[in-house]
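Residue numbers (this note's numbering), protein chains in the order written: chain A, 1 to 1026; chain B, 1 to 572.
Calculated directly from the structure, the hints in this document are not laboratory data. Mixed in with the good hints, there may be bad ones.
Listed next, the in silico DSS-like pairs over lysine-lysine satisfying Cα-Cα at most 30 Å (straight line) [claimed, not checked]:
1. A:Lys856 / B:Lys546
2. A:Lys759 / A:Lys183
3. A:Lys112 / A:Lys75
4. A:Lys856 / B:Lys533
5. A:Lys183 / A:Lys248
6. A:Lys291 / B:Lys410
7. A:Lys478 / B:Lys546
8. B:Lys189 / A:Lys808
9. A:Lys998 / A:Lys257
10. B:Lys20 / A:Lys529
11. A:Lys856 / B:Lys567
12. B:Lys170 / A:Lys302
13. B:Lys381 / A:Lys257
14. A:Lys850 / A:Lys808
15. B:Lys260 / A:Lys601
16. B:Lys373 / A:Lys831
17. B:Lys159 / A:Lys305
18. A:Lys808 / B:Lys567
19. A:Lys601 / A:Lys850
20. B:Lys20 / A:Lys749
21. B:Lys170 / B:Lys189
22. B:Lys563 / A:Lys699
23. B:Lys20 / A:Lys461
24. A:Lys305 / A:Lys478
Quantities reported herein were computed from a predicted structural model and do not represent experimental measurements.
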Amino acid sequence: MKNLFYLVPMLLFNFLAVAQQKTITGTVISQQSKTPIPGVTVQVGSNHTITNSTGQFTIPAAPGDVLIFSYIGMKSFTQKVEDNMTVLSIRMEENATDLNQVIVTGYQTQKKADLTGAVAVVNVNEIKNIPLGNPVKALQGRIPGVFITTDGNPNSSATVRIRGIGTLGNNDPLYVVDGIPTKRGLQELNQSDIESIQVLKDASAATIYGSRAANGVIIVTTKKAKNGYSRISVDASSSLQSYNTKLKTLNTDGRGKAYWQAAVNDGANPDNNQIYQYDWNGDYTNPVLNKVILPEYIDAAKTMKPANTYWFDEIAQTSLLQAYNISIANGGEKGNSFFSVGLYNNKGIVKETNQQKITARFNTDYSFFKGRLKIGENFSTTYTKDALVPASDILFAALVQQPVVPVHTVDGGWGGPAAGMTDRQNPVRLIEDNKQNKSNFARLFGNAYADLEVIPGLHLKTSYGIDYNGTYQRTLRKSYTSGFLSDNTNYSQTSQDYNGNWVWQNTLTYNLAWRKNKFDFLLGEEQIKYMAQNFTASRQGYALENVDYAYLNAGSSNKDNSGTGSGYTLLSYFGKVNYSYDNKYLASATLRRDGSSRFGKDNRFGVFPAFSLGWRMSEEPFIKSNLPFVSDLKLRYGWGKNGNQEIANNATYTLYSAIYGIDPTWDFDSGSAYDLNGAGTGQLPSGYTLIQQGNSSLKWESTDESNFGMDFGLFENHLSGSVDYFIKKTSDILISPAYLAVIGEGGTKFVNGASMQNKGIEVLLSYNGKITRDLSLTVTGNVATYRNKITKLPAEVLTSYPGNGQNKNILGRSVNSTFGYVADGLFRSQKEVDDHAAQLGKGLGRIRYKDLNDDKVIDDKDRDYIGKGDPDFIYGLNVSVEYKHFDLTFFLQGVQGIQVYNTYKTYTDFSSIWTGTNWGARTLDAWTAANPNSSIPALTLVDRNNENRTSTYFLESGSYLKLRNLQLGYNFQHVFSKKLQTARVYIQGSNLFTLKSKSFTATDPENPNNAYPIPVIGTVGLNLSF
Amino acid sequence: MKHVIYILIFCCLLLGACSKFLDQTPQAVISGDALNTPENVEKMATAAYSALGNDHYTAPYSSMWPYGNLRSGDAYKGGDGTGDISDYHFYESFSLNRIDNGSSDQVWFRLYVCIGRVNDALARLNNISKEVYPNKVTRQAEMHFLRGHYYFLLKILFKYVPYIDEKIAKENYDTVSNRDYTNDELWTKIADDFRFAADSLPETQPQLGRANKYAAKAYLAKALLYQAYKQDENNAVSSIDAGLLQQVNTLCDDVINSGKYQLNTDFANNFLSAYQNSTESVFAVQYSQNDGTPKGRLDYGHALDYPMNQNYGCCGFHSPSYNLVNAFKTDNNGLPEFNTFNDTNVSGENDFHTYTFDPRLDHTVAIPEHPYKYDPAFIYKRSWARAPDVYGGYLSLKEAVLPNDASFLKVPPFMSSSKNWDIIRFADVLLFKAESLIELGRQDEALPLINRIRERAAASTGLLKQSDGSFTSNYKMGTYQPGINCVWTQDFARQALRWERRLEFAMEGYRFFDLVRWGIAAEYLNTYFAVEKTRSAHLEDAVFTKGRDEYLPVPLNQINFSKGLYKQNIGW
């Protein structure tokens, strides 16, 4: 059969052979490396040949024919045959979509063309200059299958989910920076230092990192200097950020009106309100409000005059974000060095929120013995200073604090809640009284390595890496009086935390080529030891409420302290073989054996195998000759298994702890001290608290994944892309299920108890090309989706997941399901009320709940799965245009078909659920007899209909499309002729617009509830290198 | 050859990393086996006591106010509208309560946490010899007392609960059903624990916080009194066991005649931190502060119950109902208005001077324009209530302390005190005895007991004065004088006893359980709702379902965790 494919082009060749032909010979070399390229396809009409091992070719052609040279990873080259031409010297240039690109795939590298797993390569240029302070945030929407969510807090990290939610515990991926694995994100990494980012999405690719790879692996390589390369680069940018998603809350008059309407709807006397009085007609059938009357003071002590405070304005600011980076690279025969320093200062859009970050990197390597021994290091250090301002409390308080409350009292003190108001703080006070509190964080990260080429192709490498960080915080809580809230005590706490690990890796790699066979072998061993220690101390009774004074020694009462520690170790052995035959047939096999101290002695080790296969169809002659527009086509299949050990360090033991007492402000005390003497004070007798049940049979959680993939490049790779389909099954998921109460305290016990499945598809499509000589265009789009379902759970823990714990349970459904009532609009007439099933609290203007089981009674049996917390798909589109010295890039990102549970609706739509708070401006449009078409329930002072129940009333479409980024740059390098290697200025906007569903009633569907708002950012910046 | 050496070196590196590397000693923790020394066994017994005060406002069990008061017609939930701890709103309305109410599941779990600590300590105590640990028997008895207390609370909340003691191995806990014992057998198990304690405890303990013989006898009397009212499967009282009532009477006599306890001269002293562990306190939860814990061991169960003013600031829960305030009204003889008290609603400030009242009103209820907690310079305002347009202007006083009280402590955003909370006070013992006598038909012997309570109450006006020295309300209180102001029949005595319990212990968390014990909860509460919902709209949906709402449902979680072994309570 295969022969038949060869036959066809040969026949064609015979037919088309014509006269006037002569023989053309020549050599093809690489423009960049100046070395000959074997295997280049030389085509004239339907006739073709391939260059030999020294890059030479011979082909018959007639004058006027056009020779086409093509080779994977190179821009195709055309040469017209002239009369006098017999010997050619062809120089081919590397293509932008570079299949020869070297990809780090785990303790070794591979050419992109040879990859058989699902590996996404990030175009680092696309995210360059995006000032988010965390490279991961800039990746949002750019890699199909990588779901990134974040908020606008200057010190927030991003949540990264590769291929959906794979487990019930920790779903964070493993990061590998310059070969050193870490579970901390990339927030401490200077974005400008990044040379490349790859994402190992499927198990066949990730298994080489076995132990912690089940959630995917993100590999980052930092910049290094190269031989003969010397450069100083400077990047500077300055941005303004603004808060444009403020929630519309009621103003003072509106809050008064809404209360009046609620009272009148109830037939209650609105003047019972403790702040507002009303001038109205007193007619409950046709109520008319003339005027809302405010008191002279809102408090009995006459310190607060009624105000009209829009709290979101009071807490927000247009803020400055600055990023500066300088790097020096110097490369030579004997060694290379790269040094960079980055400064980042992000003042948040909530006042006094701030992150300052300094990063420094030093990457060097030295060559000995004619390059056979390489010794080097990659080292980075990061210092960040974060403002410890309670942003979520502030944002929440801005929503619920009533507008009639002034920021300040008449004598300059703090305004605060008055009679009948919610007990939340004045958010401006929270800002001012906490702005002195900072967290200081430092991280040391890096490795030193030696790589010896024992014989050609055989490398022995050893690497010792460290990843340690420390946090030091000293916070002062001040005394205050703010409305009816007050605290006359102060408190200062100092805490220190120190944690991290070392990692020692030893690998042996061998590359072997024999005829058309190529082998890469890898054998390795890795050891990791992690520790964490912390302590906290505090006192009260400080004479001065000044952070320069309030060190522990200055406190006079209530000395308190605490401290603890933990640790784990990992020990792994691994091996991998990559094989390729004739660049066409690819195969790879991996085996990793991981041991973790977290598991019981008998189950410490887990074995994680993987294999993958690839077929470069485009290398087959039948494709080359019949489908010449196909420049690259590869089919891939991979299967692998990897592991997860995310449980408590001591999970296999039954343990007690000497818990004396804890801070019980928000939780039950687990302490054991008791005042047996009845003294009411002083040191108490105490005991021990059982904290957990051991499970000595715990074993590794594992994920099996199959991946079907295809990579393609068409029209000389101007159009390229990939498609991946995966099925990922996680079993023996480590859970710590809720348990039978009679077990009592310390019943927490980890078990291998659940299974889930994710299936998904990811598509990436990219076009790049020159439209005219001066105009080039690159368009990259991606779309991805996944479907999640829980396939197994112990029956007794089903209640812990959405469902009624009986006949309706989460099995077979997404872990992101919502269970509740179906809100079927409002009752708009008495007849509708009368006709409806028995529903406690039903009435005009109230929410009607669907009688799902048709038993004429609305009760808990009328609940079902109502929400859809997984998107239909997510997508991104990046477009870059270059015209002469200008470049323009824009990036669109979106999520489609997701539902979000908008809990803020309990405040924005109701006057009854939280009676003392401010409410949303939407309440003024609530249902009344005079406003019968409203979909917002009638205002009332008492929620008789239990409208706070989980129902579709709160479920809203969270679909959105955002213009994440728009950048316009101008290169002015030409102005300085050759003195500068890069000279570019740019302006940039982030989050410039959002398209969202009309049914979404809050401001930002990406960020539906109390998260820190995502700002709109405008940036000007400069890139220079010389 | 050189290469082979390199490879050998490398292999050595691989093998050198042996799996001992994976042996990690757990940090900062201790194994159970290390706790069997005399010193540590003593500590485990302390931990079991500690559980007494480890409750929290989301599911209290020191004071039982959410279950005992909100469900009794004595109190509203309070707080910021119905959504603020809506689980309690569901308790209050009954009709909205559900088998998956989170607070019910939480209190169920928390009480088993307490029982778990007792069983852990008891198992160790049983295995240690008296020679090395002379306190063995006393501590065993104390543990039985505590276990009786914790099961008592579970029993009155849920009726049928799985009974686990120290003899059952942990791996078999999931084989114990909540129906292994009948209703009556469960009472017997609880009584047995108290009986063991009463038999083995010393009359006096060197440490005030520990249970002694008389605390055990008083609690045994209480448990037997509950057991005496025999309940059928529909939660209806079918008969009253005279034999048990006799035992109650005898046990109460033992406590009364011990001479260890007296009524405090002023009713107020039971609720003032300066008098904690007073002569009236039979057993109390001991709270403390400045004790080496981060925020003190405070009365967290009541942490939501303070007013919304600058001295406090949170959270306005636990509001006395209009009905309760009306119940304090007295007639011309200073006796309760059993049948007419609720016909007129005390509302404005003037009403407190037109009607006459039992003085316990101003000890129990914070009333607008009245001194708060006996401080004439500190006048309670309607604006101090959280949502007076929903829950009215009253707040509960007994658990509160003044802001300058030594026991008061803010734990922002909440606050509470280290004032002890009585589990049994002597007044309760007197009324247990009175109740048993009345049900035995010996109501004449009960009369002096009830009058003793009333006399003390009538005399407790010393602190109920305004800054000008005048009384805060118009107090008039008398004793029952058969033939003069009443006819002391058994029925009348029963009515007087029940009224006396209501007012004496109002807002202390017992009322609902009294109503269920007496078998009158459904009728009583539906009568209450009929009127009260016209005064307070949040009760509009409230209905008590007879044969169901006497008990909370067995939490759905527990039925599921037990894989169906636990059976749901009737009606749920």
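Hints and how they fare:
no.	hint	in the structure
1	A:Lys856 / B:Lys546	holds, 22 Å
2	A:Lys759 / A:Lys183	holds, 25 Å
3	A:Lys112 / A:Lys75	holds, 16 Å
4	A:Lys856 / B:Lys533	holds, 25 Å
5	A:Lys183 / A:Lys248	violated, 39 Å
6	A:Lys291 / B:Lys410	violated, 40 Å
7	A:Lys478 / B:Lys546	violated, 53 Å
8	B:Lys189 / A:Lys808	violated, 37 Å
9	A:Lys998 / A:Lys257	holds, 26 Å
10	B:Lys20 / A:Lys529	holds, 12 Å
11	A:Lys856 / B:Lys567	holds, 27 Å
12	B:Lys170 / A:Lys302	violated, 62 Å
13	B:Lys381 / A:Lys257	holds, 25 Å
14	A:Lys850 / A:Lys808	holds, 17 Å
15	B:Lys260 / A:Lys601	violated, 59 Å
16	B:Lys373 / A:Lys831	violated, 52 Å
17	B:Lys159 / A:Lys305	violated, 54 Å
18	A:Lys808 / B:Lys567	holds, 20 Å
19	A:Lys601 / A:Lys850	violated, 54 Å
20	B:Lys20 / A:Lys749	holds, 25 Å
21	B:Lys170 / B:Lys189	holds, 19 Å
22	B:Lys563 / A:Lys699	holds, 25 Å
23	B:Lys20 / A:Lys461	holds, 24 Å
24	A:Lys305 / A:Lys478	holds, 25 Å
Taken one by one, the earlier hints fail for this structure at numbers 5, 6, 7, 8, 12, 15, 16, 17 and 19, listed in ascending order.
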